[in-house]
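Read off the chains here:
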Amino acid sequence: MTDGPLIVQSDKTLLLDIDHPLSTECRRAIAPFAELERSPEHIHTYRLTSLGLWNARAAGHDAEQVIDTLLKYSRYAVPHSILVDIAETMSRYGRLRLEADPVHGLILITTDTAVLEEVIRAKKIAPLLGLRLDAETIVVHPSQRGAIKQALLRLGWPAEDFAGYVDGQHHEIELVQNGWNIRPYQTLAAEGFWHGGSGVVVLPCGAGKTIVGAAAMAHAKATTLILVTNTIAARQWREELLLRTTLHEDEIGEYSGSKKEIRAVTIATYQVMTKKKNGVYSHLDLFDTHDWGLIIYDEVHLLPAPIFRFTADIQSRRRLGLTATLVREDGLEGEVFSLIGPKRYDVPWKEIEAQGYIAPAECIEVRVTLTEAERMTYATAEPENRYRLCATTATKRKVVETLTKIHSQDQVLVIGQYIDQLDELAEVLGVPLIKGDTPIKERERLFKLFRSGEVKCLVVSKVANFSIDLPEATIAIQVSGAFGSRQEEAQRLGRILRPKSDGRTARFYSVVSRDTIDQDFAQNRQRFLAEQGYSYRIIDADDVSQGKL
Amino acid sequence: METRSFADYMRGLSDESLAALFANRPDLISPVPSDLSSLSVRANSAPSLARAVDGLNEWQFQVLEACVAINEPMTEKEIISVTDPSAKFVIPHLISLALLYTSRDGIRIPHTLRDVLGNEPAGLGPASMAKLSMKKLEEAPAGSKKILEQLTWGPPRGSVGDIRNPGPGIAWLLKENFLVPLDQRTVVLPRNVAIHLRGGKVHRNPQPNPPVIEGKSVKQSVIDRAAIANIATILRWCEEILNFWSEEPPSALRAGGLGVRDLKSAAEHLGVDENCAAFVSELVYLSGLVVIDADDRVLPTHAFDLWLTQRAEERWRGLSSLWLMTSRVSGLVGRAESKHISALGPELDRVNAASTRKLTLDLLLNSQELCPEINSFLALTKWRAPSRRSPGLQPDLVKWTLREAEWIGITGQGAISKYGAAFIQGEEEIGINIDLPKPVNHILIQSDNTAIAPGRLEIDIARTLDSIADIESRGGATVYRFSETSLRRGLDHGKTGEEIREFLRKTSKTPIPQPLDYLISDVSKRHGRLRVGNTSAYIRCEDPTLISQILSDKRMEILPMRRIAPEVLVCDMDAKEIIVTLRTAGYLPAAESNSGVLLLGPRLNRAKSKPRPPRIIGELETPSEETLAAALRAIRVGEKSSNKQNALREIAANALGALPRTTANETLDLLNKFIAQACTLSIGYADNNGSATHRIVDPLSISAGSLIARDHATGEVQSFRIPRITGVAPL
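Chains as they are written, first to last, in the numbering used here: chain A, 26 to 574; chain B, 7 to 737.
For the record, the hints were derived by calculation from the structure and aren't laboratory data. Since this is a predicted model, take the numbers as computed values, not measurements. Note that the Cβ used here is the ideal one computed from N, Cα and C, for glycine as well. Hints are not guaranteed to be accurate.
Okay, derived cross-link-like pairs now, DSSO-like style, lysine-lysine, Cα gap no bigger than 27 Å in a straight line [what the hints assert, rightly or not]:
no. : chain 1 : residue 1 : chain 2 : residue 2
1   : A       : Lys-430   : A       : Lys-525
2   : B       : Lys-207   : A       : Lys-97
3   : B       : Lys-225   : A       : Lys-97
4   : A       : Lys-285   : A       : Lys-302
5   : A       : Lys-573   : B       : Lys-531
6   : B       : Lys-512   : A       : Lys-97
7   : B       : Lys-531   : A       : Lys-97
8   : A       : Lys-473   : A       : Lys-284
9   : A       : Lys-375   : B       : Lys-515
10  : B       : Lys-225   : B       : Lys-137
11  : B       : Lys-512   : B       : Lys-531
12  : B       : Lys-582   : B       : Lys-531
Listed next, the stretches of chain A that the computed footprint assigns to chain B, with coverage defined by at least 3 CB atoms under 8 Å from CB atoms of chain B [stated by the list, open to error]:
no. : segment
13  : 35-46
14  : 67-79
15  : 561-567
Can you build the whole structure from these sequences, using the hints too?
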């Protein structure tokens, strides 16, 4: 019985005691095959999944190594069934291989004919296959590379993809590190991605995912298509690339609602890509018109369905997904992994915070009490109106007023879901409001003023949930949100996580109505961050007004 | 004559030899025979001999077969000559088992043994009486040789078209007495010829040496680590399955045992496959920790509560020894070929289960630090216990035993563990208590509302935690999650928010995160705000002072009243009585219906049940003439009919032996046919108790599932429910 930091559970979760002296070493050892699920303050939870084990196989780890690692760090004896299961799962990988054949194009080869016989009889797979060349080889329609990989994965016989990637059109890109240095985890992430071929990098908000993208581009040295959430984000990418790489202004094109430039590096928005014209996605051709060597999906957790489908068809191009929160309330995480690629790099938020690359943040839930009249209205309201009612209560306004007064010296963002609530707040606080119908120019102007410190406080709707880079924002006050969305909460916190010049702690206030459905949603929303180790403090609105924070 | 000599032999045995015999064949002394002659009769009986033969290994069996194949009396040399020199070491053992015995003229065989081993031991036919010259065999024509080749290694019988007109090969053999006709179509190769052809031996492959077990060698430390994990796991499984069943007791099948669905849900709960779940259920069933209750629910017993307080080693030893002894085979559950066999069911007993289990464990014990490869292991078990009586099951039994030994922790990574070895050898201390990880007495609470017990929790803590948190992950550690529902459950169990907080503060190594603290307050604040109860009447009044007055009124003390609001009293008595009491005391109450409507108006009491007047038995009036005439007519007809009835009863009684029987479809067809033909029918008709009576009827029509017909016995038109008609036949 060793006294290791790891406890292997019978449901294939691994519990890592991070207060243990060996925990860092152990974390590094299990990271290649186990997926980090939760990282709260004392015990981190990892999970062994088939996908994770196969990725480990793909990265050159074998079952024996995995088992040895578990045995080495495990505090208690490891259940035998898990060891057997690991060996069995890992042995399934690599019996099928996808290869490029000079004559037949894409072929599926097996070392185990029984497996091939099994898979070609599967209903979902048969239509993707062509001519049977011999007992061990069968032709695959080249356009079905993504689809067959997905289908095989579901059958439990993952194919090892040796067909390679197209290099794309060569384009010289280098990082220019003048006055800044790429951080170690960014290098690791970019390399992890490059060696894996394609995949997803998960880094906290504000941890510099753009740099990871730029580093990946420097690896690829090829024309690149970058897909981002909106025009503002597109412009930020552009500026960042100009600053961090050898790229010149005329090498970067913007493909958005207003401009349709196609350059060596093209930044397109999801919105324009999924715009339908006469019932067809006319802009999806962008994927094909150019010989891209790399495709980057920013905020991949937001990837819209049509792009999913199209991504399946471009499996021969390298794909990099970037996100902070790979939780989708629609449960499509699996699709992201199989189409863009497995998770290549992931690091707990708190670890990056400890390294000083993101600002430490304090999360505070401010509970307000509804007035008697509001409670009555709430109690008798239709269920579908209830959330709106309690989320937009007038009591919240007072709290926000007090909070902004307390933080009058800081850069404050007030974030909400309901426009009328935000209109009212902007009016009461006397500050500008950015919402969906604010023109891009006006948005950019306001953000600029905010960055320079001329505007201290902004009220923003959900348009500012993602990708908006506001380095000096230290305080965020959330007054309402999209029900129980976990990733929205995390993204909003992300707005204030850029490290501050004076190392200040950022503060995230979530104003919640007590004893209402708002409180239940808040609990669900906080779950992702709580699992990342952010501990919420709950205070009463009355304490705020008395200045007790 | 032989029997006598066997009895004589038994009489001549020394006490030691007898003791050795009893040790090897314990059935001979249960019950203890009255004297030596009855002992020898028993020792020579087929069941006892068969049991002794079952205990032989392959080589001992082969030697015994060889002995049966050669003529009595025999010498050791003769036996060796037809087997192998190493038979020398086997013969004394066979003698000590009284499967062979020595007499003055040599070694003999208890005569019933021949029946036990069958007519054709080792595929040899009967001995030939005729004088044979084996040399002649070499001159046999080619056709005859071919036939001999076919018969040499058994079976010794061959069929021919017609014995009187055989082919040339057979004819030669018959002529030379190398084949003996058995009947019109069968010939047999005599034993002595076969042995000669077999080169003087009885068996083609004598197996004096046991096959060697192959396998992977494993280090003892690794084995023990794996085994202790298995031990911890099996104890946890047993506990969990019982806790699971105490929350949601499954219902046993009518045929006894656990339904497939219940087994599946238990398996899901434990996170194991169904075989393993069946094994665990059987294990707790054997230990009396669970019982099928009188209402057919499968429920943990009180023994379970005691069991939980036992130390791990005690618990494990209990489980393992019962598993070792039982004849029940949980591996039989859920096999495709026997779907009806269910866990905890009645059909799991197999004769050789316990002996196979013992044999398997013995073999494991003899191959330390080795995880046996299954085929070589099976070969050895087959050699050790050829198990001729139910050959189909043995490999499965061995495989299941290996699997179960791993689950229960006697083995670890397939090889015998030190705990298993200590247990099989019956040692006092197995060492489980020392090696099992110590139970922990603390948890770690984290801000995502989970609590982690980094090891097995002490039982009291685990129970409390179970009531206030949901288990999210099990294994060496346990992950609990607090939620509104789980906390509410704790409050429902009678804990207060403060108690829960106190418990967590005491148990947790880390401070309680504020969100959890708030969650507990929130839930306990809301818990029980709504109160629900039963009462039979209420007294309400818009003036609270009047309510207070009633409550303090001495005359009202006979009413058990409770004030639940300033304006409302509840009382567990009938509203009417309360009204009466209130009125007597001078109050002016009004009754109210449950929808709040005042019940005013005169007090007219009405019964709630339907009218049910008694039968009228009054004085008889003088009947009218018509009535009299009708009565007379009726009596006459009745008389006639009862004569007829008697006659018909007789017919019916005569026919009763042959109560018509038709299937439901036939019945309907026949009825339709005979209604059309309007002929009288004899039918069998089942009464309420299910016993069929014979009726003679004239069918009229069929309507609404009934046959409308005139019953000859009563003369009335009656309806007969068709499903109750057991058969129809025309009279």
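These are the hints, each one checked on the structure:
| no. | hint | in the structure |
| --- | --- | --- |
| 1 | A:Lys-430 x A:Lys-525 | holds, 21 Å |
| 2 | B:Lys-207 x A:Lys-97 | violated, 58 Å |
| 3 | B:Lys-225 x A:Lys-97 | holds, 15 Å |
| 4 | A:Lys-285 x A:Lys-302 | holds, 15 Å |
| 5 | A:Lys-573 x B:Lys-531 | holds, 24 Å |
| 6 | B:Lys-512 x A:Lys-97 | violated, 33 Å |
| 7 | B:Lys-531 x A:Lys-97 | violated, 47 Å |
| 8 | A:Lys-473 x A:Lys-284 | holds, 22 Å |
| 9 | A:Lys-375 x B:Lys-515 | holds, 21 Å |
| 10 | B:Lys-225 x B:Lys-137 | violated, 64 Å |
| 11 | B:Lys-512 x B:Lys-531 | holds, 22 Å |
| 12 | B:Lys-582 x B:Lys-531 | violated, 39 Å |
| 13 | 35-46 | holds (count 5) |
| 14 | 67-79 | holds (count 3) |
| 15 | 561-567 | holds (count 3) |
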